[in-house]
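> Sequence:
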Amino acid sequence: MDPTGSTGRGQGRKTGKPTLSDVAAAGGFSPSTVSRVLRRPESVSATMRQRVWRAVEETGYVPNTAARALASARTNVIGVIVPSVTNSVFSDVLRGVFDALDGSAYQAQFGNANYSHLKEEQLVRLFLGQHPAALVVTGHDHTPAIDSMLRAAGCPVVQIMDLPPDPVDMAIGLSHAEAAAAGARHLIERGYRRIAFLAAQMDMRTRARMDG
1 MDPTGSTGRG
11 QGRKTGKPTL
21 SDVAAAGGFS
31 PSTVSRVLRR
41 PESVSATMRQ
51 RVWRAVEETG
61 YVPNTAARAL
71 ASARTNVIGV
81 IVPSVTNSVF
91 SDVLRGVFDA
101 LDGSAYQAQF
111 GNANYSHLKE
121 EQLVRLFLGQ
131 HPAALVVTGH
141 DHTPAIDSML
151 RAAGCPVVQI
161 MDLPPDPVDM
171 AIGLSHAEAA
181 AAGARHLIER
191 GYRRIAFLAA
201 QMDMRTRARM
211 DG
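For the sequence shown, the residue numbers in the numbering used here are 1 to 212.
Source of the hints: derived by calculation from the structure; they are not laboratory data. Every residue, glycine too, gets a C-beta built ideally from N, C-alpha and C. Any given hint might turn out to be false.
Claimed, not checked - Okay, the calculated beta carbon distance ranges per label pair:
| id | residue 1 | residue 2 | range |
| --- | --- | --- | --- |
| 1 | G183 | R39 | 42 to 48 Å |
| 2 | Q107 | P31 | 33 to 39 Å |
| 3 | A181 | R39 | 42 to 48 Å |
| 4 | G60 | Q122 | 20 to 26 Å |
| 5 | P164 | V85 | 21 to 27 Å |
| 6 | S91 | S32 | 38 to 44 Å |
| 7 | M210 | A100 | 28 to 34 Å |
| 8 | Q122 | R194 | 40 to 46 Å |
| 9 | G28 | L187 | 54 to 60 Å |
| 10 | R39 | A199 | 34 to 40 Å |
| 11 | R54 | G183 | 36 to 42 Å |
| 12 | V89 | R190 | 25 to 31 Å |
With the hints as extra help, turn the sequences into a complete structure.
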C-alpha cells in the first residue's frame with residue numbers, strides 16, 4: 001500500500017451473540033452499570049468506563065444500538081464525524097462530502113467531536129442508532145468503546161486523514177510520519193541543517209509528523 005494516499009480494508013468485524021449480562025458477569029459489574037456506560041457514558045467515571053469496555057471487548061458483546069442496526073434496514077444517511085468545524089482542513093472535508101453526495105439518493109449528517117473522545121463516543125452511538133448507510137470518522141486514535149462500536153457497526157466505515165495499521169473497514173489518508181520524513185529529507189538534500197517544526201496543537205497527527 002502506498003503510504004501517501006491509498007485505500008485499505010481491514011478484517012476486524014466481530015460477530016457473536018453475548019448478552020449484556022455476560023458482560024456484567026465477565027467484569028464483575030451489575031447489569032445496570034454496564035447499561036449506564038453504554039447509554040450515558042458521561043454519568044460514569046473514566047476508570048469504570050474503561051473497565052466495562054474491556055469486558056465488552058473480551059466477550060465480543062455488540063451494544064444494542066449497533067445490534068439493532070445490523071438487523072434493520074439502512075437509512076440514506078451518511079454520518080460524518082470530525083474533530084473540529086473551525087479548522088479549515090475539516091471544513092474542506094465536509095464540503096467534499098456534501099459535494100460528492102449532491103444529486104445522489106444519500107444525504108450527509110455531520111457531528112463535531114470538538115477533540116473530545118467522550119463526545120466522539122456519544123456521536124458514534126447516536127449515528128449508529130440511526131442505522132446509517134455508512135459512517136465516516138476521523139483518524140484512528142479512538143477509545144476502546146468507539147473501536148468496538150465501529151467494528152460491530154454493520155455498515156461501511158471509512159477512517160479518513162490517516163492510514164491505520166489495522167483499519168476497521170476502509171481507510172483513506174496518508175502516513176503523517178512518512179510525509180514529514182520525506183519533507184525533511186528534501187530539505188537536507190538541498191543543504192539545510194537547522195530545520196524548525198511548527199504546529200498549532202500537539203495532537204496524534206502532529207506527534208506522528210514529529211516522529212517522522
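> Indicate, hint by hint, whether the structure satisfies it.
Consistency of the hints with the structure:
no.	hint	verdict
1	G183 with R39: 42 to 48 Å	45 Å, holds
2	Q107 with P31: 33 to 39 Å	37 Å, holds
3	A181 with R39: 42 to 48 Å	44 Å, holds
4	G60 with Q122: 20 to 26 Å	23 Å, holds
5	P164 with V85: 21 to 27 Å	23 Å, holds
6	S91 with S32: 38 to 44 Å	41 Å, holds
7	M210 with A100: 28 to 34 Å	32 Å, holds
8	Q122 with R194: 40 to 46 Å	45 Å, holds
9	G28 with L187: 54 to 60 Å	55 Å, holds
10	R39 with A199: 34 to 40 Å	37 Å, holds
11	R54 with G183: 36 to 42 Å	39 Å, holds
12	V89 with R190: 25 to 31 Å	27 Å, holds
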